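Student: Chains as they are written, first to last, in the working numbering: chain A, 5 to 113; chain B, 5 to 113; chain C, 5 to 113; chain D, 5 to 113.
Read the hints as simulated data drawn from the structure, not as lab findings. Hints are supplied without guarantee of correctness; some may be wrong.
Note that the list lumps identical chains together, so a pair holds whenever it fits in one copy or between two copies.
Unchecked claim - Listed below are the simulated DSS-like cross-link pairs for lysine-lysine, each with C-alpha atoms no more than 27 Å apart in a straight line: (1) Lys62 - Lys102; (2) Lys96 - Lys62; (3) Lys102 - Lys80; (4) Lys51 - Lys80.
Given the structure is predicted, the values throughout are model-derived calculations rather than measurements.
The residues making up each chain are set out below.
Protein chains: 4
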Amino acid sequence: MATIKELTDIIVRFTEERDWDQFHNPKDLALALSIEASELNQLFLWKPAEQANREKVKEELADVLNYAFLLADKYKFDISQIILDKIQQNAKKYPVSKAKGTAKKYNEL
Amino acid sequence: MATIKELTDIIVRFTEERDWDQFHNPKDLALALSIEASELNQLFLWKPAEQANREKVKEELADVLNYAFLLADKYKFDISQIILDKIQQNAKKYPVSKAKGTAKKYNEL
Amino acid sequence: MATIKELTDIIVRFTEERDWDQFHNPKDLALALSIEASELNQLFLWKPAEQANREKVKEELADVLNYAFLLADKYKFDISQIILDKIQQNAKKYPVSKAKGTAKKYNEL
Amino acid sequence: MATIKELTDIIVRFTEERDWDQFHNPKDLALALSIEASELNQLFLWKPAEQANREKVKEELADVLNYAFLLADKYKFDISQIILDKIQQNAKKYPVSKAKGTAKKYNEL
Numbered sequence: 005m006a007t008i009k010e011l012t013d014i015i016v017r018f019t020e021e022r023d024w025d026q027f028h029n030p031k032d033l034a035l036a037l038s039i040e041a042s043e044l045n046q047l048f049l050w051k052p053a054e055q056a057n058r059e060k061v062k063e064e065l066a067d068v069l070n071y072a073f074l075l076a077d078k079y080k081f082d083i084s085q086i087i088l089d090k091i092q093q094n095a096k097k098y099p100v101s102k103a104k105g106t107a108k109k110y111n112e113l
Numbered sequence: 005m006a007t008i009k010e011l012t013d014i015i016v017r018f019t020e021e022r023d024w025d026q027f028h029n030p031k032d033l034a035l036a037l038s039i040e041a042s043e044l045n046q047l048f049l050w051k052p053a054e055q056a057n058r059e060k061v062k063e064e065l066a067d068v069l070n071y072a073f074l075l076a077d078k079y080k081f082d083i084s085q086i087i088l089d090k091i092q093q094n095a096k097k098y099p100v101s102k103a104k105g106t107a108k109k110y111n112e113l
Numbered sequence: 005m006a007t008i009k010e011l012t013d014i015i016v017r018f019t020e021e022r023d024w025d026q027f028h029n030p031k032d033l034a035l036a037l038s039i040e041a042s043e044l045n046q047l048f049l050w051k052p053a054e055q056a057n058r059e060k061v062k063e064e065l066a067d068v069l070n071y072a073f074l075l076a077d078k079y080k081f082d083i084s085q086i087i088l089d090k091i092q093q094n095a096k097k098y099p100v101s102k103a104k105g106t107a108k109k110y111n112e113l
Numbered sequence: 005m006a007t008i009k010e011l012t013d014i015i016v017r018f019t020e021e022r023d024w025d026q027f028h029n030p031k032d033l034a035l036a037l038s039i040e041a042s043e044l045n046q047l048f049l050w051k052p053a054e055q056a057n058r059e060k061v062k063e064e065l066a067d068v069l070n071y072a073f074l075l076a077d078k079y080k081f082d083i084s085q086i087i088l089d090k091i092q093q094n095a096k097k098y099p100v101s102k103a104k105g106t107a108k109k110y111n112e113l
């Protein structure tokens with residue numbers, strides 16, 4: 005199993021070998037991420053969740069992660085750190101005592 | 005630095021403690037991911053890439069990753085494996101010889 | 005030039021003739037609208053605005069409008085009324101004296 | 005009931021009075037449209053379609069239409085014409101005989 009650091013290196017090398025870095029300003033990377041997220045959603049359109057094609061979900065989710073890792077690299081974010089920081093922040097915002105079983109506040113996450 | 009497995013465990017425990025798993029069918033998780041991707045894009049709206057607020061980019065990107073990890077866990081995907089598989093697939097689709105420096109085909113990625 | 009009412013009638017008839025109304029619950033219609041908006045954005049990815057293909061912009065924007073009209077019809081909203089109501093609301097939120105030339109507050113629109 | 009032309013004039017005047025036209029290049033307008041579409045979708049997140057707040061749907065749909073009209077105006081598209089053209093195109097792509105009652109091909113619309 006590759007680490008986050010190894011995956012990032014592989015993804016970055018892939019784009020560098022193709023000289024694609026010239027297109028990868030953060031604004032367009034965020035847009036690309038959003039477009040892949042939309043393609044992921046398309047797999048669920050007009051149908052219940054369980055009818056989505058698992059193989060295609062895998063591919064579209066990988067595309068989302070690809071751009072998320074590229075964007076993190078662009079800003080030199082440590083992916084594991086920003087996830088842990090956000091969870092800590094959410095833990096304060098949604099204490100178990102208040103948030104348990106309700107999607108109400110959660111919706112504004 | 006936490007591993008992908010450790011991060012996933014932390015994220016899953018966070019939602020379980022709040023009984024939020026009941027809301028987390030794959031269709032809504034994909035939708036939530038897309039909404040967070042859109043909030044990330046909002047940080048770049050009406051401005052050039054370099055004027056986006058770095059701290060907020062960090063938070064919104066973490067939200068995207070949070071849902072990406074939850075969705076992967078829901079399908080029991082190995083995140084590092086699906087990323088590596090997709091890169092291999094893209095390497096065939098965009099060989100360096102053809103793809104170098106052009107965003108043309110890349111746009112359809 | 006067709007009126008909003010005439011366009012809505014044509015769009016609704018198109019879906020009824022194909023028995024597609026069964027798929028058109030508001031949640032999936034909103035999702036479809038979002039997916040079309042994303043396809044519209046894809047035309048601008050990795051390039052400056054003026055390089056987007058005008059003909060394709062036309063088609064994707066039409067797809068967005070198609071779902072916007074279907075969703076409005078589903079809720080029996082009067083499209084011209086909801087647009088006028090929102091403008092009135094925005095006029096209060098963004099008075100000319102404060103909003104002129106700044107995208108700051110506007111960003112939260 | 006206002007016509008499409010009247011609505012467009014009102015929307016354009018609103019942005020001109022605030023000098024917001026400087027931000028309204030087609031790429032950012034498309035992005036804004038997509039962000040509003042996402043806010044519309046957020047109203048349906050974690051819940052069945054019928055639990056979405058009707059008043060908020062009205063507002064977010066109006067925001068989507070607002071940017072769709074601004075983008076159409078930017079390109080000098082005739083909104084009723086582009087909708088009618090797309091329907092004609094879709095009628096060829098999805099003839100009633102083949103498309104009736106199936107979301108299969110429709111999903112790729």
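Student: With reference to the structure, classify each hint as holding or not holding.
Tutor: Results of checking the hints against the structure:
Taking the shortest Cα distances, Lys62 and Lys102 sit within 27 Å of each other only across copies (26 Å), while inside one copy they are farther apart (34 Å). For the identical chains of this complex, Lys96 and Lys62 are inter-copy neighbours only, at 18 Å across copies versus 32 Å inside a copy, given an alpha-carbon limit of 27 Å. In the homo-oligomer, the alpha carbons of Lys102 and Lys80 never lie at most 27 Å apart, since the shortest distance is 35 Å inside one protomer and 29 Å across protomers. Taking CA atoms no more than 27 Å apart as the test, Lys51 paired with Lys80 passes between copies only; the shortest distance there is 21 Å, against 39 Å inside one copy.
Comparing the model with each earlier hint shows a violation of hint 3 alone; every other hint is respected.
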